[in-house]
Amino acid sequence: MSARRLRLRLASAAAALTLATSLGVALALEITVEPPDGDLAAAVEAALDDWRAAGVDVDAVDARVSVRVGVAARFGPDVTAWVALRGGADDPDRAFEILVAPAAAPPRAALIPALGVVLGGTLGRGALDPVLDPAGPRRPTPADGLALSERLSAIPGDLNRDGRVDFEDLLLMAEAFGRRGVNLPADLDGDGVVDTADLDLLRERYTFDPPNPTGTR
Amino acid sequence: MTRHASPPPRHGAGRRPPAWRARTWLAAALLAVTATAAAAGFVALDLEERLAAADSVAVGVIRGVDVVVRDGEPWTLVTMEVERWWVAGGERVATTANDETTAVETALPDSLTAAFWGGRAPGAPPLQVAGVPTFGPGERVLWLLRAADDGLGAPTVGVTQGVWRWTAGVWRGDDGSSLAVDDDGDLALDGQAAPDEVLFAALDAALDALERRP
Numbered sequence: 001m002s003a004r005r006l007r008l009r010l011a012s013a014a015a016a017l018t019l020a021t022s023l024g025v026a027l028a029l030e031i032t033v034e035p036p037d038g039d040l041a042a043a044v045e046a047a048l049d050d051w052r053a054a055g056v057d058v059d060a061v062d063a064r065v066s067v068r069v070g071v072a073a074r075f076g077p078d079v080t081a082w083v084a085l086r087g088g089a090d091d092p093d094r095a096f097e098i099l100v101a102p103a104a105a106p107p108r109a110a111l112i113p114a115l116g117v118v119l120g121g122t123l124g125r126g127a128l129d130p131v132l133d134p135a136g137p138r139r140p141t142p143a144d145g146l147a148l149s150e151r152l153s154a155i156p157g158d159l160n161r162d163g164r165v166d167f168e169d170l171l172l173m174a175e176a177f178g179r180r181g182v183n184l185p186a187d188l189d190g191d192g193v194v195d196t197a198d199l200d201l202l203r204e205r206y207t208f209d210p211p212n213p214t215g216t217r
Numbered sequence: 001m002t003r004h005a006s007p008p009p010r011h012g013a014g015r016r017p018p019a020w021r022a023r024t025w026l027a028a029a030l031l032a033v034t035a036t037a038a039a040a041g042f043v044a045l046d047l048e049e050r051l052a053a054a055d056s057v058a059v060g061v062i063r064g065v066d067v068v069v070r071d072g073e074p075w076t077l078v079t080m081e082v083e084r085w086w087v088a089g090g091e092r093v094a095t096t097a098n099d100e101t102t103a104v105e106t107a108l109p110d111s112l113t114a115a116f117w118g119g120r121a122p123g124a125p126p127l128q129v130a131g132v133p134t135f136g137p138g139e140r141v142l143w144l145l146r147a148a149d150d151g152l153g154a155p156t157v158g159v160t161q162g163v164w165r166w167t168a169g170v171w172r173g174d175d176g177s178s179l180a181v182d183d184d185g186d187l188a189l190d191g192q193a194a195p196d197e198v199l200f201a202a203l204d205a206a207l208d209a210l211e212r213r214p
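Same order as they appear, the protein sequences are chains A and B. Be aware that the first sequence starts at 1, since it is given in my numbering, and climbs by one per residue. Be aware that the second sequence starts at 1, since it is given in my numbering, and climbs by one per residue.
Just chain A, same shape as in the assembly:
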């Protein structure tokens, strides 16, 4: 590695550290912004503050994220930001990438839903669900924050949100098995399809409850 590249890497790491510190977040949330200063970095900070104001415990999230402006041709008029997750589940370098559309000015608005995807996606809860908002510009509300917090605190595989992963969740997954789409509750790994990978995730957390004496559940 050349000295110049090494310096750049060190500078990048330092920028991530500085940003995380300045944001007041735990270092578990490692955000690297390119360039490390300027409007985009400020927009990241502002968008995270928006989620905090909506009640989301941003500091508790463990994720690596890089943020930069993307190439215009990748976006088209329908997209203000792409959120990608690069690396497999066992990849130690697995990280999110947020690419903001060059036309997204100011970028803060594009970053709010994009960071929402990241914040909700770190637990593999099928949270790669970008926001479609026909109502136009808005910031996350307490209701958005509550929904995201519930997602973060929920047990993966607990599809009916009753606090355990059991036969009822298995039934819900069976009903959804094979379905494709965005934000499907049973799509636990968030890859857009309910398949055996999701079943494996459910099985990891499955609990066998004793029969209910009333026979009702």
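Among these hints, one or two may not hold up.
[As the list claims (entries may be wrong)] Here are some chain A residues pointing at chain B (derived, C-beta under 10 Å):
| no. | residue |
| --- | --- |
| 1 | 85 |
| 2 | 99 |
| 3 | 174 |
| 4 | 178 |
[Unchecked claim] Residues of chain B clear of chain A, computed beta-carbon distances all greater than 12 Å:
| no. | residue |
| --- | --- |
| 5 | 185 |
| 6 | 192 |
| 7 | 193 |
| 8 | 195 |
| 9 | 201 |
[Unchecked claim] Which chain B residues face chain A? A few, computed with CB under 8 Å, are given here:
| no. | residue |
| --- | --- |
| 10 | 125 |
| 11 | 128 |
| 12 | 151 |
In short, the hints are calculated from the structure, not lab data. From a predicted model like this one, the values you see are computed outputs, not experimental measurements. Glycine included, C-beta positions come from ideal geometry on N, C-alpha and C.
Fit chain B to the known structure of chain A by using the hints.
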């Protein structure tokens, strides 16, 4: 109305978009810019906007899903065997038996391939891209696509909003809404389910109405 002889769809290469399509693109671009003032990662489009934005409109069956690596990035290639075209290469396709340009249909390709950023392939780390629809062989889909020669990350109009899958007798979108007809027989979201011939006629009428726009 004037129907255009349709060249094979090349998704934007060397064609001049109709005026209404150019206006719609501009409107969508402006919408995208204004929406960034505080909200969406993707821009919500109504049904008319989706139709107007499409450079290809077709129905068919997914026959192939392959992942290739381009410049170190995985791209998923989805190939659909086309049953019927409505728009190809940005041009309306003749659809009625009495239409003088019907013969042009025979020159249309019997499949289309769309490339989506992301996927899993040897030679590149797996890449999931939020919100990009997934496809499986054997699925029957009605698809609206943008021209994507320049490397668009997801060519489906509205990322997920321009695809409906034939599911249990209904054309179902990824957001759960259905493509159907309303009480007047016009194409609508979440209307009444209709046989293909009725729905396809409504789609024809909707596209024709867009073309007639001044």
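Hints versus structure:
Here the hint on residue 85/A is kept, as its CB sits about 4 Å from the closest CB of chain B, short of 10 Å. The restraint placing residue 99/A at the interface with chain B holds, with a minimum CB-CB distance near 9 Å, inside the 10 Å limit. Proximity of residue 174/A to chain B is violated relative to the hint, the smallest CB-CB distance being about 16 Å (cut-off 10 Å). At a threshold of 10 Å, the smallest CB-CB gap from residue 178/A to chain B is about 8 Å, leaving the interface hint in force.
Here residue 185/B stays apart from chain A, with its beta-carbon at least about 25 Å from theirs, past the 12 Å limit. No Cβ of chain A comes within 12 Å of the Cβ of residue 192/B; the nearest lies about 22 Å off, and the non-interface call holds. Remark: the non-interface label on residue 193/B is consistent with the geometry, its nearest Cβ contact in chain A lying 18 Å away (cut-off 12 Å). Annotated as non-interface, residue 195/B keeps its C-beta farther than 12 Å from every C-beta of chain A; the closest such distance is 24 Å.
For residue 201/B, the shortest C-beta to C-beta distance to chain A comes to about 27 Å, beyond the 12 Å cut-off, and the non-interface label holds. Look at residue 125/B: its Cβ gets to within about 5 Å of chain A, closer than 8 Å, so that hint holds up. A distance limit of 8 Å between C-beta atoms decides the matter here; for residue 128/B the minimum to chain A is near 4 Å, and the interface restraint holds. Below 8 Å, beta-carbon pairs count as interface contacts, and residue 151/B has one with chain A at about 5 Å; its hint therefore holds.
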